[in-house]
Amino acid sequence: MAKEHVDMSKPVIEMRNIVKKFGDFTANDGINLTVHKGEIHAILGENGAGKSTLMNQLYGLFKPTSGDILVNGQKIEMNNPRDAIAAGIGMVHQHFMLIQPFTVTENIVLGTEPVKGVVMDMQKARENVKALSERYGLAIDPDAKIEDISVGMQQRVEILKALYRGCEILILDEPTSSLTPQEILELIDIMHALTKDGKSIILITHKLKEIKESADYCTIIRLGRYIATVDVDKVTENDLASMMVGRQVTFKVDKPEKEPGEVVLDVKDLHALDYRGVEILKGLSLTVRRGQIVGIAGIDGNGQTELVEILTGLKKGTSGEATVNGVSVFNRTPRYGFDHGVSSIPADRQKHGLILSQSVEDNLILQNYGKEPFSRHARLNRPAIFSHATDMIGKYDIRPGGSEKRPAGTLSGGNQQKVIIAREVYNDKDLLIAVNPTRGLDVGAIEYVHRYLVEQRNKGKAILLVSFELDEIMSLSDVIDVIFDGKIVSRIPGKDADENELGLLMAGGKKQ
Amino acid sequence: MKKKSVIEIIASTRFLHILLSIILGFVIGAGFLAVMGISVSEAYGKLISSITSVKGFSYVIVYATAYIMTGLSVAFSFKTGVFNIGAEGQFVMGSMGAAVVGILLKDLPKPVLIPLCFLAAMIAGAIWGMIVGFLKTKWGINEVLAMIMFNWIAFYLSNYIAGIPAIHNDGTAEATKTISQNARTLLSQELRTKFDLAPTANWGILVAIFFMFVIWYIIEKTTLGYELKAVGANRNAAEYGGIGVNKSILTALAISGALAGLGGALQVMGMGGRISIFTGQEGFGFAGIVVALIGCSNPFGVLVAGLFYGALTYGGSKLNLVGAPTQLTSVIIGTVVFFIAISVIFERLGGGVRARKNIEGRKEREKEAASLPAGSEKKEDEAK
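These protein sequences, in sequence, are chains Y and C. Numbering-wise, our numbering comes out as the position in the first sequence, counting from 1, plus 79. Numbering-wise, our numbering comes out as the position in the second sequence, counting from 1, plus 11.
Each statement offered as a hint is correct.
Mimicking SDA-like on lysine to any residue, the simulated pairs with C-alpha atoms at most 20 Å apart in a straight line are:
1) C:K232 to Y:G449
2) Y:K430 to C:N247
3) C:K232 to Y:S438
Calculated directly from the structure, the hints in this document are not laboratory data.
Just chain Y, with the same shape it has in the complex (with noise of 0.2 Å):
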């Protein structure tokens, strides 16, 4: 990637040796970060290395213990977001902070509202919003509510909200995680329109794909400590990947030739509504045999949600068949589904996944509480309940170790979904169907995961794998299922998918 908007004459940011300890933990142990004007600085690091307190440090939110921050070239001290503002700093955060019932325009300038006497000045405050957005590129509807807008145009006005606050150097916190394949294309183009501008960006992921395609330069901390500041052309994925981790990564999902089995799950004619009464699965047939993984490829909003939805009997449809080993499954209550042979690692693993409130060893047993050896006459067996969990968390190695009665959300991401996995292939259901498995996970829980999953398939399990990560489903998969309008519009090898073809594929073309 050319550099030239990059001036290496002018650093903007100088974090110096930066030690940042809560008690007698040290979250950030002798950090050094230099971001150039004009340029766009990634900072890579597993979940839990560190990433976030650093940039709550540049925002102002937390004081270093020891060590120097200078804004142009000037050290200065940030007691409150507010002077990190001043100093010219702004923060996209991952979860975004916008006034849902608020317009867009309301939302950039709140808190700086343009006055005419005492009324805002809605007028002026509009044309203020629609410059900025056009000078950077940023299509908006200045407009329209939050509410009724994409994440990705919320994310948009996000970074607005920033620019209109004049800031100079933008810190963007895990930006992609929400967002769909193109919209993170769009947002890559933003960054570089900004960045040409004279911005600065600093860029907060795990995600070494999105680093290649936008960083100039890359710091990575492991554990909380500094390991290296590279230039990004000339490292691989690999590199920043063992890297970030310590150890050697495999990408690859070691995947023997097998012959699939008879069917499992077998979906005819699926009809459904989406929650505003219109018609989003129309037609959907599928089918998934024994030692078999199906990958689901589809952009976000086509009725991936719908159909699993269904088959896990959250949501009922309108008309068609899916049956389990010749049972149906169809229009029944997850109970049923899960007696006759589903099972699932859900979307999002802390509204249906885990009940984080709880313990881990109560998450482990979600479906399983009133069954032998874990309860007798509807009397639980504490004793049963606990070396269960202690079973679990040796074999899949979920951390921290002897974290059975511990809630489950104090554990990381990936040890959270780590729970789920570890139930569900308890389980034992001839179907699993894995959505989206590995999302917000770091490499080495995203390798955990494949290997899983692929060691389930061996095992002679149907697996329906729904996710949006194109990569996930072309290593995984051995036949990939391109979902588009509703209905399953192609259905090819995952041997020989190729990311172009299934990209059209997606976006409605036709094979070639």
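We have chain Y already, so just place chain C on it with the hints.
Same frame as chain Y, but now just chain C:
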């Protein structure tokens, strides 16, 4: 080992918060006394002396019984994710249920009549809770609003029943008849004189303690408790896990209502023996909310909190003997609740908790990193 220490920390900070809130409640109460020119030591001295005698303490227990029951009711509802603000109405229905049985079936022997009164009260309370649960699960009607309205329906229904000739007092009192002696839970006359107990000393507290254990057992040891807690903590995950969410809500409200209803029975069978025509809500159910809050929604905590509330109520009623207003106890309780409520907010916001959480995870990772092969470190040096 680590697991235990975390539990200890959480338990102790929570406990300290509550203790601190109580102390602050008394400090601020003292401030009010000082402003009014009343001796703090005299007022608090009276408060303490009035509850430390045997007789005084027996009063405290008598007062506390109803608060413990409504406290258990609300605590149970908290655990299961519904906010039973309707314990007030369930309590009223329960006490009326017990009174009606105790009046109409007055000739039954004690061992039959007392359980019947309890049963009537629990059914009445449970039904009152379940109606609201039904409205919620069937039509999605907000349970808090419905309960507040049902508290008033119970209020007027009780007054209506008290006016029915078969129930109404034969004399001039604006109340029901007095319930049968066979339905009373009072301790025997000899016992009361021998130990110099309150004239209303009764064994209702034993029933409350029994149900404290029952509720603890249901919550911690049964599949029912597991289901109810799961629905309370995360309805979506519970549904996904195959638990019938609507059934659970109905069950939780039925149990919660039965507890409050039984509290009403213990009150009428132990203390008054009859129910007056109300002129205002008596507040036993609302007191239950406070008791559940102070008791951390834990059955054993509720017992202690109920006694505390009972002590303040009874001790407070003696304050006017030293010229201090009885409302002082309301000030103290209000302050305590206020500080407990904001301590919950601080816990949620607390960076301390989050940092501690991170430490544990991080230490594990560090251990892992330490055990890495040497080769991986070398590679980074090259990259630098």
